[in-house]
Structure formats: structure tokens, C-alpha cells
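Colleague: Those protein sequence lines, which keep their order, are chains B and P. Its first residue numbered 2, the first sequence is counted upward by one per residue in our numbering. Its first residue numbered 10, the second sequence is counted upward by one per residue in our numbering.
Think of the hints as simulated: they come from the structure by calculation, not from any bench. Bear in mind the structure is a predicted one, so any value in this text is a computation, not a measurement. Any given hint might turn out to be false.
[What the hints assert, rightly or not] Below are the EDC-like pairs computed for lysine to aspartate or glutamate, each with C-alpha atoms no more than 16 angstroms apart in a straight line:
1. P:283 to B:87
2. P:594 to B:40
3. P:283 to B:80
4. P:374 to P:449
5. P:355 to P:376
6. P:250 to B:82
7. P:505 to P:118
8. P:594 to B:87
9. P:594 to B:82
10. P:505 to P:376
11. P:283 to P:589
[Claimed, not checked] Footprint (simulated), chain P over chain B, 3 or more residues, beta carbon under 8 angstroms:
12. 7-18
13. 21-33
14. 39-53
15. 58-70
Ideal placement from N, C-alpha and C gives every residue a C-beta, glycine not left out.
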Amino acid sequence: MSDSNSSAAAYWSANLRLLTMCLVVWAIVSYGFGILLVEPLNAIQIGGYKLGFWFAQQGSIYTFLVLVFFYAARMNSLDREFGVAED
Amino acid sequence: MELQTLSYIVVGATFALYIGIAFWARAGSTGEFYVAGGGVHPVANGMATAADWMSAASFISMAGLIAFNGYGASVFLMGWTGGYVLLAMLLAPYLRKFGKFTVPEFIGDRFYSQTARIVAVVCLILASITYVIGQMKGIGVAFSRFLETGYDTGLYVGMSIVFFYAVLGGMKGVTYTQIAQYCVLICAYTVPAVFISLELTGNPLPQLGLGSAMADGSANMLDRLDQVVTELGFAEYTTQKLGGTLNMFVYTLSLMIGTAGLPHVIVRFFTVPKVKDARSSAGWALVFIALLYTVAPAVGAMARLNLMETIQTGPVGAPDGNLAYEERPQWFKNWEQTGLLTFEDKNGDGRIQYYNDKNADFAAKAESYGWQGNEMVKVDRDIMVLANPEIAGLPNWVIALVAAGGLAAALSTAAGLLLAISSSISHDLLKGVFMPDISEKAELNAGRIAMAGAIAVAGYLGLNPPGFAAGTVAIAFGLAASSIFPALMMGIFNKKMNSQGAIAGMAAGIGITMLYVFQHKGIFFIPGTSFLGDMDASWFLGISPNAFGAIGALVNFGVATMVARVTAPPPEHIQHLVEDIRVPKGAGSVVGH
Numbered sequence: 002m003s004d005s006n007s008s009a010a011a012y013w014s015a016n017l018r019l020l021t022m023c024l025v026v027w028a029i030v031s032y033g034f035g036i037l038l039v040e041p042l043n044a045i046q047i048g049g050y051k052l053g054f055w056f057a058q059q060g061s062i063y064t065f066l067v068l069v070f071f072y073a074a075r076m077n078s079l080d081r082e083f084g085v086a087e088d
Numbered sequence: 010m011e012l013q014t015l016s017y018i019v020v021g022a023t024f025a026l027y028i029g030i031a032f033w034a035r036a037g038s039t040g041e042f043y044v045a046g047g048g049v050h051p052v053a054n055g056m057a058t059a060a061d062w063m064s065a066a067s068f069i070s071m072a073g074l075i076a077f078n079g080y081g082a083s084v085f086l087m088g089w090t091g092g093y094v095l096l097a098m099l100l101a102p103y104l105r106k107f108g109k110f111t112v113p114e115f116i117g118d119r120f121y122s123q124t125a126r127i128v129a130v131v132c133l134i135l136a137s138i139t140y141v142i143g144q145m146k147g148i149g150v151a152f153s154r155f156l157e158t159g160y161d162t163g164l165y166v167g168m169s170i171v172f173f174y175a176v177l178g179g180m181k182g183v184t185y186t187q188i189a190q191y192c193v194l195i196c197a198y199t200v201p202a203v204f205i206s207l208e209l210t211g212n213p214l215p216q217l218g219l220g221s222a223m224a225d226g227s228a229n230m231l232d233r234l235d236q237v238v239t240e241l242g243f244a245e246y247t248t249q250k251l252g253g254t255l256n257m258f259v260y261t262l263s264l265m266i267g268t269a270g271l272p273h274v275i276v277r278f279f280t281v282p283k284v285k286d287a288r289s290s291a292g293w294a295l296v297f298i299a300l301l302y303t304v305a306p307a308v309g310a311m312a313r314l315n316l317m318e319t320i321q322t323g324p325v326g327a328p329d330g331n332l333a334y335e336e337r338p339q340w341f342k343n344w345e346q347t348g349l350l351t352f353e354d355k356n357g358d359g360r361i362q363y364y365n366d367k368n369a370d371f372a373a374k375a376e377s378y379g380w381q382g383n384e385m386v387k388v389d390r391d392i393m394v395l396a397n398p399e400i401a402g403l404p405n406w407v408i409a410l411v412a413a414g415g416l417a418a419a420l421s422t423a424a425g426l427l428l429a430i431s432s433s434i435s436h437d438l439l440k441g442v443f444m445p446d447i448s449e450k451a452e453l454n455a456g457r458i459a460m461a462g463a464i465a466v467a468g469y470l471g472l473n474p475p476g477f478a479a480g481t482v483a484i485a486f487g488l489a490a491s492s493i494f495p496a497l498m499m500g501i502f503n504k505k506m507n508s509q510g511a512i513a514g515m516a517a518g519i520g521i522t523m524l525y526v527f528q529h530k531g532i533f534f535i536p537g538t539s540f541l542g543d544m545d546a547s548w549f550l551g552i553s554p555n556a557f558g559a560i561g562a563l564v565n566f567g568v569a570t571m572v573a574r575v576t577a578p579p580p581e582h583i584q585h586l587v588e589d590i591r592v593p594k595g596a597g598s599v600v601g602h
């Protein structure tokens, strides 16, 4: 019982670490690059886009997509590692 | 072929498709009625979620918001997509593991309190009803504009279609029609965008076209747009803000939290077979949503450029630099007839001057040109998407497709909302509170009756929109952000959160959000400002009422934590329940109790 308890606790804290990492990236691309740092980033030009503007209207959305699939894939392997995957 | 005949054929064909699907996907059990039997493939569920989520506002209004707010409209783009990150990581997998039919059911069980469940039902119904009025309006408008029937007739036709597949098929019927509706709406949105991008920049992908040089090689598309609008006294497109930086920050956060807290979206993740499907399905939903949301900035920018350059044909200030009213294109005449585009020849020169006369510096300059005020007295934002195919000179079938797309967007969202309302009435109130012994068959019938009732109420409100209708979508987001999202999140992530804390938190969060919204209703409830109240000096730190949900959520978290600290912790079995929903293993099929 204590074994499964401590493994459940370890699984949960591994999840929280992964979650925090993903949400930090989530916040940086949208609130950071898209809003707070938009002016300095706009000094950089990528193709026909100002970089800050690109993050606000395109880049943040692409990053969100990558984040969700990355999280899903990492969680699936955590599930298997800790033996809590569904049958 | 005549445009109107074509519109009837295209719209009629899509309606026939929805009804066909409804017959095929009839619901035989409460499980099928509430959560489509829990067997929807994650990709299919992602597509249905995208249609459920993208409303008439996303389809029709968003590009117009972007066109006239430029960079400032990024709050909508980031807010309405970033919420799916929160949903995928903080809510969907755990609620799927919990494995019940509705959102209030989770809140009631987790906080071991019928009161909490009823508070959640009330929030859910308020948020969903206010949201559904907007969809009903969208249906009526699309009909009256494209099929030239009355607004009322359009609404009745739309209501009967939804009635048919939602009452018959419940979640199962709604899910499969939403998949078809997604296909219709995404084609209708992207086809014109591809043509316009090709025409302006030579790049068929609108996402890349927006960042490309103009087809004539003169300048980058966005630089050209910046130049064109600033020359006429408007704010620079790529840097203009929506309020201040703080307002944009809080606004984006409110929309993200609100998105993750909208019950009709959350419940979609109860329909997939496994916990890991809930995680990936949120990703697929975002893929399908991003298809539209990354095209929208291009549609907005290109529509604005087309509009400006149609009117300002030569150098600013040159006597023949402006379009002569007599030479205006056909689409201009068509939209003038609807009253959504209005011209007034203030200086009597027979030419159209469209500029920002609120900009004092430029207005002085304009006077020296002999201009006497902006003559485009009305340019309705909503016409941008609808007029786009005409502006770009696309064939009639594309215009007919756009009409069908707008209807698909409105119908799919309305159906999802109505389902959330009816299941919380039949399952949470009737079975959960008043008649726990009701048989499954009777509950299924009750669900159908509740659905029919919800459609009737929504239709009535669509026909007689209350004075506050325009502000209602923002209220829905405010409610979801300040009450439902924090309660769900604390229920999962804070094992010690108890019923007193959750209820106090929800009440405080809703209370402060509504108080703020109603304080400013003078500005806020003016029709047509549903997404963007104008800035007002009296707003707290310059935060607009629409953006206040995030503050409500913070208050909710704060109050709940404090109250939970001074009251008894939740009972042992609830703490076990929380531990149990945190691991995927053992997730069975979704059941009612």
C-alpha cells in the first residue's frame, strides 16, 4: 500500500513538473513575447512580419499546438513508466 | 446561376446532410444522449469540439475585429486558443477519469454538496443561455442576408433543424452533425482567403501571404497596410493596442480561463473512450481551431487593405486620389442596401474620403485638402468576412458557401450549448436533486423535453433579444472564468479544498465580476459593442468589463483558499477520490449515478 502510495505521489509530482514547464512556455510565448515584450521584438523582422506581431497573431498559436501534443506524449510515457496507464 | 438560387441549393444541401446524420445517429440511452456513448474517436471529437467552439462570432465577427483593431485584436486570437492548453493540461484528462455525465455533477461530488452542484447548474445555465442568444441572432442574420427571407423565418428554420437533430440524437446526433458542420465552415472560411492571398501576394497560404511581399513587389503586405492606414490618420495596424498593455494582458487571460471553463466545451471531453484520448483530443481540437484562427489575421489584414485601396485610389490629398462615388464597385452598392455600409458626401465633391477625423493632427491636414470629415459614416465590422468573396471578385458559389459556413458555425455552437443546458436540467436537477429514483428511460425523455424547452426559450430570446443581448457573450466568459474554471481546477489540484471554500469562492468570483460588468453597463450594453466596449476613464486600472473575468477568477481562488483554511478539511473518501482522478488507470466507461 505504501509502495503504491509513494509511486502515486512520484507520478503526480512528475506530472506537476511537466505541467509547470509547459505552462511556463505557454505564458512566455503569449504574455511574454505577444504582449509584454512585443515592442522590442517588433524591431526584429522575420520575412514580412515584425516578430512581436508574429508571435501575437501566429507564433503563439503554433506553440500552443506543439505544447498540447508534447504534453500528451510525455504523459503517455509517464503513465507507462509508473504503471498507471489504462488497459 | 443566380446567387440566390445557388445559396438555396448549397444551404439546402447542407441542411439535408445534417438531418440525414440525425436519423443515423439516434440516441437510445442516456449515455448516448449525454456523452454519445463515450466512444467518439479523439480526432473526430477534436473536430466536433472545434465546430462546437467556433461560433457565429468566430466565423463572422473575428476577422472584422482584427481588420479594425490590428495588433490589438491579438487578445482574441491568443485568448480563444490558449484556453485549450489549460483545458488539455488542467481539466480534460481528470474530468474524463472522473467519468460522469456533466460538469455540475463533478462539482457536486467533489465538494460533497448539493448546494455546490446547484450553484454550478445556475452558472452553467446563465452562461449558456446568454451565449446561445448570440447564436440565434447569427442564424437570423445569415438567413435574412443571404436567402432574403425575414429574420424571423430564418430563426424558425434554424430552430427546427437544431430541434431535429439535438432532440433526436442528443450528444450523439450533435457530435456527428458538428463534424459535418466543421467541414462546411472551414471550407467556407479558407477558400476565399486562399484566393485573396493569391491575388494580393501570390502566396496561396494566407498564413504566409500575410508575411509576404505584395504581388507587385512594391513592399511587404503588412508594411504597405501600415503605410496606407497611417497616411489617412488611423493608428498603425501592426502596433495599435486594445486599451493599454495591462488591459490586453488581463483580457487575454480572461478569455483563456473563460474558454477552459465553458461547460459545453468541457463536456465534449467526456465523450472519448480513454484518459489519454482526452489529452490528445484537446490537441486535435486546437489543430482544427488553429486552421481558422491562423487564417483570420490574414483575412482581416487583407480585407482592410482592399477596403482602403478601393477608396483611396491615388495619393492622399491629390484631387483625383479618391474613388468617385459614381464609380463604386458592385459589392459596395450591395452592402449599402443593407445599411451596413453608409456613405455621406460631406464636402459635395462626388468622391469618397475615408479617413480618421478623430485624429486632430490629421483632421487639420485633411481640411487643407478640402475634406470635411470622414464620409464612410458606417463601415460595419461584420461585413468583412461576408463581403470578402465579392470584394475579391470570386464566383457566386463561393459566396453561397460562405452563407452555409456562417450557418454551420451558428448551428453547431447553438446545439452544443442547448445540450449542456438540457443535460444539466434533466441530469443534475431532475435526477440529481428532485427525482433520484427516475428510470433511465424517463430521464432520457426528460432530457428530450428539456432540450425542446431550451430551444423554445433560446428562440424566444432570439426573436425578442433583451436590451442587454449585445453584452452577453462577455458575461458568459466572465461567468465561466470566475466560477466554473477555478472550482474545477481547485477540485483537482487542491486535495484539501472543501465545500465551504468552493462555494464561497464561486459566489465571490461571480459577484465581483457581475458587479463590475453592471457598473459599466451604460457603455457596455450598447448594441454592437459586444466584444469591445469603448475605453472609459472610469474603468479600474483601464481594464474593460469584458476583460474582468480573470480578476474574478483570482478573487475566487483567494476567497476559496482562505475559507478552506479556517473550516474543516474534506472527508477522507473525498481525498481518496481526488487521488483516484489523478491517475488514468481504472477509467471505465462514462456512467451516470
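Colleague: With the threshold set at 16 angstroms, check whether the alpha-carbon distance from residue 283 (chain P) to residue 80 (chain B) stays at or below it.
Modeller: Status holds; Cα separation ~13 angstroms.
Colleague: If you draw a straight line from the CA of residue 283 (chain P) to the CA of residue 87 (chain B), is it 16 angstroms or shorter?
Modeller: holds, 8 angstroms
Colleague: Examine the segment 58-70 of chain B for residues whose CB is less than 8 angstroms from any CB of chain P, and state whether their number is three or more.
Modeller: holds (count 10)
Colleague: Run the distance test for residue 250 (chain P) versus residue 82 (chain B): straight-line Cα separation, threshold 16 angstroms.
Modeller: violated, 47 angstroms
Colleague: Three residues or more, CB to CB closer than 8 angstroms: is that satisfied between the segment 39-53 of chain B and chain P?
Modeller: holds (count 8)
Colleague: Is the hinted pair residue 505 (chain P) and residue 376 (chain P) satisfied, with a Cα-Cα distance of at most 16 angstroms?
Modeller: Given pair residue 505 (chain P), residue 376 (chain P) is violated - Cα atoms ~68 angstroms apart, limit 16 angstroms.
Colleague: For the pair supplied as a hint, residue 505 (chain P) and residue 118 (chain P), is the alpha-carbon distance within the 16 angstroms limit?
Modeller: holds, 14 angstroms
Colleague: Keeping to a limit of 16 angstroms between CA atoms, is the pair of residue 374 (chain P) and residue 449 (chain P) held or broken?
Modeller: violated, 74 angstroms
Colleague: Given the proposed pairing of residue 594 (chain P) with residue 40 (chain B), does the C-alpha separation stay at or below 16 angstroms?
Modeller: With Cα atoms ~47 angstroms apart, residue 594 (chain P) and residue 40 (chain B) exceed 16 angstroms; violated.
Colleague: Given the hint that residue 355 (chain P) pairs with residue 376 (chain P), does the C-alpha gap stay at or below 16 angstroms?
Modeller: holds, 12 angstroms
Colleague: At a Cβ distance under 8 angstroms, does chain P reach at least three residues of the segment 21-33 of chain B?
Modeller: holds (count 5)
Colleague: Quick one, are residue 283 (chain P) and residue 589 (chain P) close enough, alpha carbons at most 16 angstroms?
Modeller: holds, 15 angstroms
The earlier numbered hints that this structure contradicts are 2, 4, 6 and 10.
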